[in-house]
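Asker: Heads up: the protein sequence lines correspond to chains F and A, in order.
Just so we're aligned, residue 1 is where the first sequence starts under this note's numbering, counting upward by one.
Just so we're aligned, residue 1 is where the second sequence starts under this note's numbering, counting upward by one.
Hint data in this document are derived by calculation from the structure and do not stem from the laboratory.
Accuracy of the hints is not assured; some may be wrong.
As the list claims (entries may be wrong) - Taking lysine-lysine pairs in the DSS-like style, the calculated list, with each CA pair at most 27 angstroms apart, reads:
(1) A:K462 - F:K282
(2) A:K341 - A:K363
(3) F:K282 - A:K494
(4) A:K363 - F:K118
To be verified - So, partial list: chain A residues that the calculated Cβ filter (under 7 angstroms) puts toward chain F:
(5) T10
(6) T35
(7) F37
(8) R38
(9) H109
(10) L113
(11) L165
(12) L194
(13) N211
(14) T224
(15) T225
(16) E230
(17) D232
(18) G460
(19) S464
Glycine is no exception: its CB is placed at the ideal position from the N, C-alpha and C atoms.
Now for the letters of each chain:
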Amino acid sequence: MHAMTHQHSLAPSSGLESMIPVDKSVLELCRSRGISRRRFLEFCTAVTTTLALPSSYAEVIATALSQKKKPVLVWLEFQDCAGNTESMLRTSHPTVEDLVLESFSWEYHETIMAAYGKAAESALQRVVREEKGRYIVVVEGAIPTADGGVYCTIGGRTALDIAQEVCGSAAAIIAVGACAWDGGLVRSGPNPTGALGLQGAVPGLHVVNLPGCPHNSANIAAVLVHYLTFGEMPALDPLNRPLFAYGDIIHDQCERRAHYDAGRFAEEWDDEGARKGWCLYKMGCKGPEANLNCPTVQWNGGTSWPVKAGHGCIACASPRFWDTKSPFYDRLPHPAGFGVDVTVSEIGWTVVGAVAVATAAHGITSIVRDRLHSNAETTKIREKPGPTEEQ
Amino acid sequence: MTRVVIDPVTRIEGHLRIEVEVNDHKVTDAWSSGTMFRGIELVLRGRDPREAWIWAQRICGVCTTVHALASVRAVENALGVEIPENARIVRDIIAAAQNVQDHIIHFYHLHALDWVDVISALKADPAKTAQLAQSISDWPKCSAVYFKAVQNRVKTLADSRQLSLFGSGDWGHPAYRLPPEANLLAVAHYIEALELQREFIRIQAVLGGKNPHPQTYLMGGMATTMDGSEPDAVINPERITLLNELVSNAQTFVRQVYLPDVLAIAGFYPEWFQYGAGIGNYMTYGDYSGDSTKSASGFSFPRGIVLGRDLSAVLPLDPNNVTEYVTRSWYEYPDGDMGAKHPAQGVTDPKYSGPKPPYEFLKTDEKYSWLKSPRYNDKPMEVGPLARTLVAYASGNQQVKLLVDSKLAKLKLPASALFSTLGRVAARALEADIMVSRLSDWVAQLDDNISHGDVRLHNGDKWSPNSWPKSAQGFGFHEAPRGSLGHWVEIEDKKIANYQVVAPSTWNAGPRDAQAQRGPYEAALLDTPIANPERPLEVLRTVHSFDPCLACAVHVVRANGVANDKRR
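My request is simple: use the sequences and hints to build the entire structure.
Answerer: What follows is the structure in structure tokens.
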């Protein structure tokens, strides 16, 4: 496991100050395009909620954002379906238009960038060369390692070649979606292309994982804003997932939980229980074995999430979920809540604590970490680890 | 002679490489190559057919939901499951919302920058942009002050020298023809459309729990319970109000922004109604308001084929005539690569024989793509909004005929102008207009059914695998935003034995076949004018007009299946 090296994944906070100098601060940029301070603070408040910070941090984030210069971001796509790109395009806090045009200098992203062909390749090369150690890279999709990498080439180069070069020089790396995390669907089954997640394909990288199929844009927005604000990534769990998003079990946050506790279940699809919004445990819901914040942040601007919309959770942010959580309609064998609730420290994964302790405490960041730390101590992880991780 | 390579082709889904031969500022030959293969196929085998849609949906996250729909239809077809009327309506709403949203994103965020020079917008007089906006539409965001603010936003980006997504564009390219004022208008709407797409697709969050990859399909119906008097039912009067509001906003946007913008921009590029026709054969399975595996007669978008640009006749479509070649694809057929196979007998055996990476050029005289080459009666077919529009037009569909004729009249063009690069763009916008009005009809039907107590959404008769026959085969079709999608499934002993997909972009982006017939992209690129081979913007225009989706296109599902008589 790469767990013990987490603290190194936190980029030095000095990285941001040395970003490309821009003439105006973020807040001035907002003003120059007619965005009021109030709207800006609203956005900060929303992000604060997602990050589970005390509400007073809205002002801190606002202040930090208004002082930082625009960091460069590149988004790489390999064996993907672009579902994570599409998910990012749905972000409402900050809005997608703010995120890709103003909060960051979004310099490479094949699905939406203006440049193509040679000019696109040059744009990426320029970032690697001129922004070395200062840019953020987001990776989407698995990376094929079989047969010399011929199963995914871009500009005639293999995905592996590109990932090694671009991630190797980045200040921070975020893997979005199940495929970039642990290979996801592409890796499941017989895996004919030798697909791996980023940290499997390029060992030694310090990756922040945002699994999910796809990941929820509320979470990448929060991670990016956290990075802008504090100059480092939020605290992570043993699987390198941010605790604010992956620290709690779906079942424990679920709006249908009271029905579960009262023994009220949907017994068949479309029956009375289903119409009354009763628990979907008997219909195969994997919420008791899933860690994610879907019930609280929900999807698409807080509109809904799968269980609210009537279908069970498939635990899409769990390790190797395609192999470990299917069949999706089979009832979980051990009713959750009657099983053993294991805390992080009991399992022996002490890394979460290690992150908080090992990171130098200075200024506001220590408060944030302390809060996340205390959260982590009581985090229940009921996910079973997936099949053996890549060496 | 110059060999020009575009790789990556950006502003599409997936990994597409185009190589063209340019002679005397004209494309004289073209090769389309998909450069990514996932091989998801094998993992579907042995799975519970009831969850096939969850897996198949991950074929694509841009045209999300379309593979889920085709998949659940295929399994229901195999097991003989009828779905309740409400489930059909909910599925139609989810699919149509996908279609409209996809078309809007395609035009503004994937395609517009081929026609719109962002930097030129800095030179615009915002007052004149306001005049232009008011002359083509009633859209309220049309003041000089508003356009000035947008211009400032672009200026801030440009001044900071951090242009973000707009960096390294072809700004200043001689092929850009819009006046600065029109460019500013388009940039404003690019930004507005980012907001619109995010809001509008909340329809799929209401009815699917999330987007991308909504999660409420069930074999036999939908999981989105309906009840007028249960506040915790998924579809209740409050949610109907939200659906109506979202549809209404999108309808206004399509009619007051999208469609007028397409016509206005197209007006500056009349020659692009002559370039880019290509194959000239158009095919659609037909879809909406019907069970696509049964009679095609009830479809809002009719089934059929228009052959050789002949709008006087619509030929019937028989799915048995669909085959695929791998002659020029990185696969092998066990009995040789010169023959074609029906999807039911399809084989996907990857065998890369291209150049060793890193490489400069593909071996285009050999195998050169991860896409197969689908053919209908051995002919290449174009699929997509243009094919659907032409088939409906030639079928005499009055709504389509009226809309097409009236909008083309504004540009002083005949219907035959649709056989072109801009024809595809126009057909997509016209389809969005029709689709969004059907959406409001379907939400109204749902509302009506709730108020009459008709709330059934699932047929559980065949939910238990014990009720299934020992073996079953089926297929499911869907007219996805990019065109005709087919899934074929074979079930043995309650498990998936074989699964096969032929996706829209496989039809359009596939390579040559055994007879060396070019695929639709390749044919459409012939004779494209190229002002500067170093910046082949014009190639992008035609390729983008198809709305490529390469994750879908690369053959994802292996089937070493046997032919079966149940399929027609």
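Asker: Which of the numbered hints above does this structure break?
Answerer: Checked against the structure, the only hint that fails is number 19, while the rest are satisfied.
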